[in-house]
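Number of protein chains: 2
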Amino acid sequence: HSLSRRRGLATVRAPATIFSALDTFPDRHIGPNSREAAYMLSELGYGSIDAFIHDTVPQQVKIAASEMTDDVIRPLSELEFNRRAKALGRDNKQFKSYIGMGYHNAVVPPVILRNVMENPAWYTQYTPYQAEIAQGRLESLVNFQTMVMSMTAMDIANASLLDEATAAAEGMVMAHITSGRKKVFFIDDGVSPQTVAVLRTRAKGFGIELRVGDATSAFDNEAETCGVLVQYPDVDGRIKDFTDLASSAHRSDALVVVATDLLALAMLKPPGEWGADIVLGNSARFGVPSGYGGPHAAFFACTEKLKRKMPGRLIGRSRDASGRPAYRLALQTREQHIRREKATSNICTSQALLANMAAMYAVYHGPEGIKRIANKVHGLTQLLKVIVGGYGFKTVNGTFFDTLTLDVTGAVKAAEAVHEAAAKAGVNFRHIDNEHVGVTIDESVGPIDFLRIANVFSSAAGSSILTREDLLPSPSASSIPLSLSRASAFLPHPVFNKHHSETEMLRYIHHLESKDLSLAHSMTPLGSCTMKLNSTSSMIPLTWPEFSNVHPFAPIDQVKGYLQVIKDLEGDLCKITGYYACSLQPNSGAAGEYAGLSVIRAYHESRGQGYRDVCLIPVSAHGTNPASAMMAGMKVVPVKNMQDGSVDLEDLAAKAEKHRNSLAAFMITYPSTFGVFEEGVRDACHIIHKNGGQVYLDGANLNAQVGLTSPAVCGGDVCHLNLHKTFAIPHGGGGPGVGPICVAEHLAPFLPSHPLLKVGGEKAIDAVAAAPFGSASILLISWAYVKMLGGQGLTDSSKMALLNANYMAKRLSGYYSVRFKNKNGRVAHELLIDFVEFDKAAGLKVVDFAKRLQDFGFHPPTVSWPIPTCMLIEPTESESLDEIDRFCEAMIKIRQEAEDVITGKQPKNNNMLKNAPHTVSDIVGEWDRPYSREDAVYPLSWLREKKFWPTVSRVDDAYGDLNLVCDCPSVAETAHNFEP
Amino acid sequence: HSLSRRRGLATVRAPATIFSALDTFPDRHIGPNSREAAYMLSELGYGSIDAFIHDTVPQQVKIAASEMTDDVIRPLSELEFNRRAKALGRDNKQFKSYIGMGYHNAVVPPVILRNVMENPAWYTQYTPYQAEIAQGRLESLVNFQTMVMSMTAMDIANASLLDEATAAAEGMVMAHITSGRKKVFFIDDGVSPQTVAVLRTRAKGFGIELRVGDATSAFDNEAETCGVLVQYPDVDGRIKDFTDLASSAHRSDALVVVATDLLALAMLKPPGEWGADIVLGNSARFGVPSGYGGPHAAFFACTEKLKRKMPGRLIGRSRDASGRPAYRLALQTREQHIRREKATSNICTSQALLANMAAMYAVYHGPEGIKRIANKVHGLTQLLKVIVGGYGFKTVNGTFFDTLTLDVTGAVKAAEAVHEAAAKAGVNFRHIDNEHVGVTIDESVGPIDFLRIANVFSSAAGSSILTREDLLPSPSASSIPLSLSRASAFLPHPVFNKHHSETEMLRYIHHLESKDLSLAHSMTPLGSCTMKLNSTSSMIPLTWPEFSNVHPFAPIDQVKGYLQVIKDLEGDLCKITGYYACSLQPNSGAAGEYAGLSVIRAYHESRGQGYRDVCLIPVSAHGTNPASAMMAGMKVVPVKNMQDGSVDLEDLAAKAEKHRNSLAAFMITYPSTFGVFEEGVRDACHIIHKNGGQVYLDGANLNAQVGLTSPAVCGGDVCHLNLHKTFAIPHGGGGPGVGPICVAEHLAPFLPSHPLLKVGGEKAIDAVAAAPFGSASILLISWAYVKMLGGQGLTDSSKMALLNANYMAKRLSGYYSVRFKNKNGRVAHELLIDFVEFDKAAGLKVVDFAKRLQDFGFHPPTVSWPIPTCMLIEPTESESLDEIDRFCEAMIKIRQEAEDVITGKQPKNNNMLKNAPHTVSDIVGEWDRPYSREDAVYPLSWLREKKFWPTVSRVDDAYGDLNLVCDCPSVAETAHNFEP
Ligand SMILES: Cc1ncc(COP(=O)(O)O)c(C=O)c1O
Ligand SMILES: Cc1ncc(COP(=O)(O)O)c(C=O)c1O
Ligand SMILES: O=C([O-])O
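Taken in order, these protein sequences are the chains called D and F. Residue numbers for the first sequence follow my numbering, beginning at 43 and rising by one. Residue numbers for the second sequence follow my numbering, beginning at 43 and rising by one.
Since no wrong hints were added, every one of them can be taken at face value.
Taking lysine-lysine pairs in the DSSO-like style, the calculated list, with each CA pair at most 30 Å apart, reads:
1) F:Lys540 x D:Lys935
2) D:Lys988 x F:Lys540
3) F:Lys466 x F:Lys602
4) F:Lys135 x D:Lys135
5) D:Lys138 x F:Lys135
6) D:Lys128 x F:Lys602
7) D:Lys413 x D:Lys282
8) F:Lys540 x D:Lys852
Not the full set, but computed from the structure, chain F residues with beta-carbon under 10 Å of chain D:
9) Asp69
10) Asn124
11) Leu155
12) Ala163
13) Tyr406
14) Leu513
15) Thr545
16) His553
17) Ser564
18) Met581
Worth flagging that the hints you see were computed from the coordinates, not collected in a lab. From the three backbone atoms N, C-alpha and C, an ideal C-beta is built for every residue, glycine too.
Working from the sequences, and respecting the hints, build out all of it.
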């Protein structure tokens, strides 16, 4: 009997033994089995995979097979991986952290944990660009926005940003831009250090000058001040009254930006009621674990006046083709798709899954529940103050919600005495300085935890141990100033006042889930997005408490497990990219671009060439590229593409030479966004280097490269990797993403630092994210992916991704025109199909084909990008031949339907494509269309067995943008929705 | 601010403090909040819950409120519970067991673990009696049947039994009955001891005489022999050739019953090929964890000739009203619903969820994968034999698949030396005797495990430690006799040869799930089944390895956590029932009945009254009652019911006196199956006791009793509890269930024992299940339920269950006739509605109303039981007022639709009820019905927002029973299914 690998390319050469594991991951991850792979190769006219790869990947950049084998990265079976993860989990000490600084122990309601966070039908969803098959998560994100608006008392909120620190940076830039680029931005001294660090980085690119001081006293109304950032409550726990500051700032048209805490706002007068223009923070406290720093959803809200300048994704209400209410992503066009270098933010992937968790937490607890939680947290903090006061620890901050800054000098010699006692008790407090210790209370604190905390202080002070019986009744005093107590109600909307039993909550989660198409249903072949399955085995450790309950600023001797995962992953990513060093800090692809370009700038500066600020970017590049360049303070110069889709090397050379003295960087995506491996990539890099520039390789398409070529071999100096693409972190309905950067040796010294942990290079740029390792917990997924595939499995995955795409291109090419192929007729891992001919012939647009695909149960591919008339299709290696064939059948059938429109058999404005997608409501009602109900909803016979129903018909984008409404419907509106 | 309980009855009196937990379980478990409860009370005309309970629960049996408070059972919050469970998990030592005896370390594919076992949409499903909204699990159960048929080479297989030992007992009884009750049954001496123990118990009731010996030599073809049970491979690992035995048995018309192992059958000639008539075993090895004994799905297969005698649920293929293929529960009428005391088995709830897991395992691995796994297991066993042979351990069994019985005398003084070394290495082997040790290899054994096993022997023998390098290449020899090697192929059906990547598997699981209605969608108000939500917090510990990877025969010092859970649960169940002792061994309600009645018999025997064998049972009793009585060797005498539904006390007294000298027991369900608390229950018990009988209380309806009354107070001597009803173990689409019995002090000595662990009373009856504590792992769920609700929450749950049912009865009573109420007009926790008037008026049957409810997105209530023209509706305490109102609206709307039929507006045989349920296919096609599509599928407006679609129209039962087909469709048939 043979034990060799079944799926994929069966290229494993190591002899199988009786000990070979059978639960090998490549066999589960790769879609086609070896028989199917052979069939696809033969359809393409190849006798071997090597011959196929030879024709597909340019020789110039091809690496030797020996560079990525199972000896280079040894594969673990699923079971072996699980054991390894368990062992590393044990290496993280299970301390409870009361460090605060924006991170709290979260109590995740089990029903949300299981049915959202651990549920593939939620976490494998794509960003809801296709509104008709995404009404569930759109509704949930509107709940998130509504919750933020209501808690903060602001007019509008977006559907999440990456973390509090970068959200603050977005706020600062908004102030800067809306002020007409006034240069000075003031930061209150109560703002968390990690936020300040990120602001420093971001200020640089925009040429903003930062002033730091006590905003209530030192804020100086300079003419050049565009805004001020305050934290409420501040990092030391204080609740300062910024009302006067706000008036003063507004007098000089400076914006008031407020970092805050949603739970505190259940008790505090919301910033919207005292003059805030922008309010932001981290929503993780609403049921999302710390995870050693993330992922967490930051929130961002602003006033009506500023709403069209707000960064990030915004969900709005609109209506569908039948006039029924429908949710959608609003104002899409204002961001990366259009604005490019005119954008003021590069945010793209955000934190949808975590925003959904936080929203569900609010739905579950409702206003009453949240109030109770806040009261309890505050009451316990109050009690702790009284108790530790008895031991001689003086609370420095007179006002607080959940955080005490304690002066220890009346009780112990130095703060270290407290920290030592804490270590013995298995808890962490905030290290402030020799005289001060910080303690932050959270929802998870029960009587045992409370006694443990209190007894750290009693034992440090040599007092007697407190027992349950000693606990006083809850203190009646509050340390929230009366003038800053919340008087206004919050979360009055029906959705927050209904689903409070687990049964109701489960059904609500499940009901929303049932509206959304995900990888649990069918292929989601989004070009450039690499929507492949995120394996259960890689998801499992994520929610183990050993990994999820770790504070990002916990002492490093407590996080050995995490540090090992990080070291492994950095090392493997370097092997894969061919680079020298890696930073895992950037928490999205776009954040990676920004970090990488900032590193390039720092490099030039270190060589006395800080003046280098021109960034060349092909017109085919993703919109985030120019946006990131702009944010890094560069001037974007576009480079042309050739007829065949590749970068116009002549134009590149001309521009590079023209800007020789100011050339900072060139950004290139490889394989290109047109879905081909460009032959000239090394030449392009050479041109840039010759002219003093650095090459940034956008790694969004790395899925086609692993084990076959590498960014380093292509000639680049730095690249980002979208771990949520190539390295199988789930897309989560629009995030979390992770965008680490890998760099060549000369750039390593500039990798980003962090104010609270030594990371990054010797000449590091400031932080680019709130936590030292960004969204640390989900790094486990990519670590699992790499470790379980091993070198050979990684390479096989790339090969199969290429084969699947080329087989699909072959099957479709008799029906559609594939826009770009290489000289051998091969595409890379995705294919670009142009629909312009159908528009010309019959007014059928690419979007009509896309919407019609929904009727076949498929998520449409990327539409109108990178070319407006095109569809970019990426099947990935995870899809089986069956599924690819089903997709091709659907495309071919639609081609026939289009033919009927072209030949006039079906009218141009009332046909199956224009009317797509079709809903149950459509077929239940009167039918007066020139085609049958059957043809509308069951165009192919297998749809009778497996059909996914869009819940609304085509959503009206223009209407929604004109009538921007971004919160939950009221009771009256809800009732109305049910009417036919 | 008040911190008192929000949901339910807010009857908590303990003053809330700042330390009160906020994640209190009653607040999440109970559906209505206190405002809604007050509203329902007022609708019923009560000012307080006490007044309502006073009118509902008879004073005679009411217990004092002080008997079930939070002081009696202290509630834990969800977080506190999680910590407690973690702590007890740590008290189970994580040894790896290679004990065998039918239990193996399972490798659960993560995609199945997460998406079936941990997925509420799978585990909260009800038994698939309503085929139209259960095609997903029906298909999966057909996969299970097909897998069993194919692996065993038998003609037909059922959809699971409770465990291997009880399955063997069912096999024995089948042999006994089909032989015309011949008295002798032969058991081969290679059968596992727990199986033999269960056979001993079961033989008693049927008066079967057991002979034990070597079936290949000592089988004596007595005229009175009805059958023989052999184990293949046997408990010591031997693979015996029973071909001659089979011929010999068949010559005298004795049946050959074979206990076997599905994985071994991948390499062994299947029993169906050498003469087996019945084949059974445990399927847990296919991806279901040990769980300290279960739950696991036993399988049961037989020849064509015996098929209509087969116990348990059988899924068959049939067709729907439009002639399309559809799955359904076949031959339903042959079991408890009809046969009662004529039944030969009482099996009802079985192990559907676990059968589905095993079936999914086979789907995922396919024939090739399973062959690889079997080859590996066998190869490693072979290698181990060679290695330990080198240390002087002689393998006693010449043939084997995965189990070695080792004679240790050539290597060590006594077996204990090996067990001591094993304990040091953290592994368990089988304790056979002083000279022999057993080792069984399984799928989970990797190189490290293997070395650990081998080195136990090397170190016990004082040899040098073996390292990875010492391992020989896999041995080429096989220890399976050539004549018993499998030649035939298995699992050729498409479903086992398609879904082998995780992506495909996930989609298959998800696709089946999407066809099935579960608690994740809507109320499933099944009278007598108590379909309330199974909380996530109670489900979480179940799949922790600390609980799931424990062998049922592990040494007790390794299972302290489990023993504590068991002790807690037994204690709390005694408090709740008012009884003295508890046995958790019976693994279904019906198994509990059988165990309880067997205990009663043993009690009579102990008093020299073994002749007492008459069991009085009201005609209203569940069919399992008489079936269990028959199995316990009793004669069933039916007792009449009164007009008002209660037991006819005069008839009872008359019958009790008539049978005074042989009266063994009386079985009564309380509240009765008619949904009322009978006033005379204590009188009834008194009558029985006076006449020398014992009272068995069927606890299926205990949900109405907890904290308000108790089986003991009612006057019974023993009761079973369906943990899957009152104590919130999920129904899992038809199991697992658990049916512990609680008994008064005088019956405690007779509680069941187990051959491998001292459990039960001093004069214990033999085992009633394969494992000492039955389906031990899911006891965690009921333990969680009780511990998190606490005394008050348990009582509040009962009260709310009563209030919900009475509110529903009130709302419906203007439209339907509620058949039985007490003298105050109150029902208990469920209500019985009679539809006979509609049949008379317009030929509309109760089933038409039930099927029409599917169109409204509800699972129909229990239909035609306990009265053929009735529906039994149980909302449970978990349902919210909103959901109850939605259900009532649906019922009222259907009443209006029925009126149209009665008044002739709609034809009698072509109306919305008769044609229900309606599918998408119905409305897509031509429409020639006398009502609109809208009225068919959207009869109420909220269905436009939330609609569940039955995937087939009404299923034809008669056709399916006539054309009994119980395996997966072939390729050709599958293709045909897609045709319109
Ligand atoms: C080519 C390319 N670059 C960059 C990005 C931005 O990555 P992220 O969405 O993680 O910010 C994308 C996202 O789709 C992309 O396709
Ligand atoms: C009244 C009654 N008794 C006994 C049983 C049998 O329980 P089980 O299905 O667990 O065997 C049932 C099952 O519904 C029941 O309703
Ligand atoms: O299966 C039941 O009858 O509940």
